[in-house]
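S.K.: In the working numbering, the protein residues as written are 1 to 890.
Any given hint might turn out to be false.
[Said to hold, decoys possible] Straight-line distance between alpha carbons at most 20 Å, and here's what the computed EDC-like set of lysine to aspartate or glutamate pairs gives:
id, residue 1, residue 2
1, K670, E721
2, K487, D530
3, K345, D761
4, K857, D869
5, K494, D374
6, K494, D530
7, K494, D448
8, K154, E274
9, K847, D811
10, K799, E746
11, K352, E601
12, K345, E295
13, K497, D436
14, K382, D530
15, K656, D707
16, K349, E746
17, K345, D370
18, K161, E243
19, K522, D511
If you're looking for bench data, these hints aren't it; they were derived computationally from the structure.
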Amino acid sequence: MTQNQLQRMTLTTSRLMDFCSPKELTAQSGHGPRDWPLVILKELMDNALDACEEARIAPKITVIVNLDGIAIQDNGLGLPESVIDGVVDFAVRISSREAYVAPDRGAQGNALKTILAMPFVLDGKSGRVEITSGGVRHGISMSVDHISQSPVIKRESRSVKGGTGTKVLVCWPDSASSNAADADSHFLQNDANDRESDDGDEEDGPVSACSILEGAKSRFLQMGADYTWLNPHLTLKLDWFGEVQQFKATDPAWRKWRPSDPTCSHWYDSTTFERLLTGYITHNRDHGSDQTVREFVAEFNGLSATAKQKFVLAETELARTNLSALVNGHNLRDGVAGKLLAAMKKHTKPVKPVSLGIIGRTHFERRMLDAGCDMNSFDYAKKTGYTDDGRPWVIECVFGMLEDQEAKRRLVTGVNWSAAIINPFRTLGAFDNSCDTILANQRIDANDPVILVLHAAIVKPQYTDRGKSAIVMANVQSGALITSLEKVTGRWTKQRKCEERHAAARASRRDAMVRARRFSLKDAAWSEMDAAYAKASANGTLPAHARQIMYAARGEILRLTSMDQLNDAYFTQNLLPNFVAENEHAQTWDVVYDARGCFIEPHSHAMTPLGTISVREYLQSVKIHEVADPEVDVAGRKYPTCGPLNRFGAILFIEKEGFFPLLDRVKLAKRYDLALMSTKGVSNVASRCLVDSLCGQYDIPLLVLHDCDVDGLKILETLRESTQRYEFRNRFRVVDLGLRLADVTEWKLEAEPVRHSRRVDGMLKLYGASQEEIDFLTAQRVELNAFTSDAFVKWLEAKLADNGVQKIVPDQVTLEDAYRRAVHVAELERAIENIGDAARGAAAAAKIPRDLGRRVKSALKADPTLTWDEAVMEAVGKKRRRGLERISVV
Numbered sequence: 001m002t003q004n005q006l007q008r009m010t011l012t013t014s015r016l017m018d019f020c021s022p023k024e025l026t027a028q029s030g031h032g033p034r035d036w037p038l039v040i041l042k043e044l045m046d047n048a049l050d051a052c053e054e055a056r057i058a059p060k061i062t063v064i065v066n067l068d069g070i071a072i073q074d075n076g077l078g079l080p081e082s083v084i085d086g087v088v089d090f091a092v093r094i095s096s097r098e099a100y101v102a103p104d105r106g107a108q109g110n111a112l113k114t115i116l117a118m119p120f121v122l123d124g125k126s127g128r129v130e131i132t133s134g135g136v137r138h139g140i141s142m143s144v145d146h147i148s149q150s151p152v153i154k155r156e157s158r159s160v161k162g163g164t165g166t167k168v169l170v171c172w173p174d175s176a177s178s179n180a181a182d183a184d185s186h187f188l189q190n191d192a193n194d195r196e197s198d199d200g201d202e203e204d205g206p207v208s209a210c211s212i213l214e215g216a217k218s219r220f221l222q223m224g225a226d227y228t229w230l231n232p233h234l235t236l237k238l239d240w241f242g243e244v245q246q247f248k249a250t251d252p253a254w255r256k257w258r259p260s261d262p263t264c265s266h267w268y269d270s271t272t273f274e275r276l277l278t279g280y281i282t283h284n285r286d287h288g289s290d291q292t293v294r295e296f297v298a299e300f301n302g303l304s305a306t307a308k309q310k311f312v313l314a315e316t317e318l319a320r321t322n323l324s325a326l327v328n329g330h331n332l333r334d335g336v337a338g339k340l341l342a343a344m345k346k347h348t349k350p351v352k353p354v355s356l357g358i359i360g361r362t363h364f365e366r367r368m369l370d371a372g373c374d375m376n377s378f379d380y381a382k383k384t385g386y387t388d389d390g391r392p393w394v395i396e397c398v399f400g401m402l403e404d405q406e407a408k409r410r411l412v413t414g415v416n417w418s419a420a421i422i423n424p425f426r427t428l429g430a431f432d433n434s435c436d437t438i439l440a441n442q443r444i445d446a447n448d449p450v451i452l453v454l455h456a457a458i459v460k461p462q463y464t465d466r467g468k469s470a471i472v473m474a475n476v477q478s479g480a481l482i483t484s485l486e487k488v489t490g491r492w493t494k495q496r497k498c499e500e501r502h503a504a505a506r507a508s509r510r511d512a513m514v515r516a517r518r519f520s521l522k523d524a525a526w527s528e529m530d531a532a533y534a535k536a537s538a539n540g541t542l543p544a545h546a547r548q549i550m551y552a553a554r555g556e557i558l559r560l561t562s563m564d565q566l567n568d569a570y571f572t573q574n575l576l577p578n579f580v581a582e583n584e585h586a587q588t589w590d591v592v593y594d595a596r597g598c599f600i601e602p603h604s605h606a607m608t609p610l611g612t613i614s615v616r617e618y619l620q621s622v623k624i625h626e627v628a629d630p631e632v633d634v635a636g637r638k639y640p641t642c643g644p645l646n647r648f649g650a651i652l653f654i655e656k657e658g659f660f661p662l663l664d665r666v667k668l669a670k671r672y673d674l675a676l677m678s679t680k681g682v683s684n685v686a687s688r689c690l691v692d693s694l695c696g697q698y699d700i701p702l703l704v705l706h707d708c709d710v711d712g713l714k715i716l717e718t719l720r721e722s723t724q725r726y727e728f729r730n731r732f733r734v735v736d737l738g739l740r741l742a743d744v745t746e747w748k749l750e751a752e753p754v755r756h757s758r759r760v761d762g763m764l765k766l767y768g769a770s771q772e773e774i775d776f777l778t779a780q781r782v783e784l785n786a787f788t789s790d791a792f793v794k795w796l797e798a799k800l801a802d803n804g805v806q807k808i809v810p811d812q813v814t815l816e817d818a819y820r821r822a823v824h825v826a827e828l829e830r831a832i833e834n835i836g837d838a839a840r841g842a843a844a845a846a847k848i849p850r851d852l853g854r855r856v857k858s859a860l861k862a863d864p865t866l867t868w869d870e871a872v873m874e875a876v877g878k879k880r881r882r883g884l885e886r887i888s889v890v
């Protein structure tokens, strides 16, 4: 008997079903169902914070948990509809982070998709998420077509009133479907590994969606509060079924590296750079566009300047080349990405770690105080550095003992300002150690009354799982975290070991912690800086000189450190500027410094000392002249009396003021319409603020003259790159006129030997010196003074000509306005000549009041700001007005 042969059919199951079961969704999100309320909180909080930061808005976020579900509302600009379109398309990942190398909170591209699926998986039949943005509420429902084995996504939109930002409501189901629970009971019951439990117990047996939400309450609320520990600019409201907690931002102006900030070429290797480049090419192809290589390069940190872009394109031979031209078939042209990346790195500098964003001691002190910490036990440690591949990082650790000795340990951990669901520092690189082991060694367990905060800011963090529950750290980062953790907990460890030896020692724990407190100079200064500025500036209502702040802080600093004296120069030039740079709220302080150097306009000879107040007043006067009323001033806006507009076309910065008399004699500033500037060495903050405003806003170049030595190149560097003390806000062109080694050789200038107290080759390379210059400058130097006067002028004029510096001739409208003004002035002069004789006769015949002295004294008493001759003019003016009044009466 012949048996029938089965012809098997090839059946298709949608991969989108990966999101439709607890097992698959656990794999996608990295967390089991018990943690899903926390996953929702984390992903939506990260998105809300990113949205506000991109809009440069201090985030105000509301989290509400009630019978409707979990809702998170932000005050950003709203979620674009194109993003919502991508969220409901389960076939692709949508992310503005994934290809970029940056210190982002998240970059997986599927977070919102997993959240969209969670209500359905928990319910087993259907689920719903609502996204409200831009006056439209998008209701997204999810179910499954069991016949075709594919998810069914339905989306409905309707207009709603008011509201800003984005609100996401995840509709939490009343209970879990028995089908869902039975299918993956293992994941519903056993997903709490490596997690600190509030009571140390885990429930057994089947669980419902309601019990999952209720069981997550304490961890949910703590995690929400953790975000306010890691984000000083965040104002947060937590509402759990009517129980409300509110947290006010400690520093709404605080800044970090925003998602919209350009990334740095030094953060990329060949693989990640090619991934980004091909991503741009694909995006352009899909949208029918084609960027140039120059436009692509300009999006990177440090490459916004036209000159640097030209250098990169010249070295790679990619000028006037589109990105599509880099493609050869289905691949990039051989070597093109590596060559482009190398050129970009060559012409930029690595981003300093502090630029990533420092949460800071001040913020943590305020949070610790609010949490009930004994501030005598407070300690803070910060370490920064670079990984072997050049990526910056920041580690911050905070410790404090609670006043309530019966309280339990609170552990706040996070990476890139995002609170962690599970401590991500469980394994620490190649060190045979873990965070738990270190805490045990430091005598800190879950029942101790302490708060410990661990935070890492890392460029492109790598995790061992999709849930971002365990971070992979470089050895240098792990070592820094271990050192910092041991430092801040050192006093506690010493006390706990004492208690182990003598049980009675616990009674004096608080006193022992206070006695053990020792302040470094920096710690003491940081703890007193806010109060010192408030005292010196009348609570921020008046400018305060840096030395005034030093005097206000000195007494307490000396007491805390047990020092005999405080070096005022170190305080004003190092401690205070560094504090301002690391604390965003301090960057609004009105701190003034002594003037160093001057700024001279070419034709008016108006001289502005380069100090905080004088530069501020000068820039204000320029602004006032720019907005002059054309109907009042014949020349109008086109002919201001001070400032760059149509008056000077470049600023010449000279390292030494001694050349000003020579330049004045040859009238160089007038002949080339140049403003002259010098700071007697390294530029100060006031000078950088001045060139930032003038060169950046009026698009004029800064021409720099400096000695051929290490200090000269350092001066050049501070004028073209932001520093810790001053971050340039505008783009402008900085032209290095010299002196460089090529000039020394061409003009046969005499060099002198020099000895350095430390190696300078690395510094010179950072400043852009060639290898030949590095070899020369490590042992020799040449000053501008090596020129004779005639040779200096000849050399300088040649440099100006090479860079296209020439006299200003404004546009036709400005010329016509100026001509009318000249006619107006000429007519006034003729009128004055005609009435001059009559006016002189009236003056000669004037009757002098007998009580003129009394009138002057009276005028000065009424207005002490007058001079005596102005008071005389006031007396003449009153007499004239009374005469006019009598005439009007007649």
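S.K.: Kindly indicate which numbered hints from before are broken by the structure, ordering the numbers from low to high.
M.R.: 1, 2, 6, 8, 9, 11, 16, 17, 18, 19
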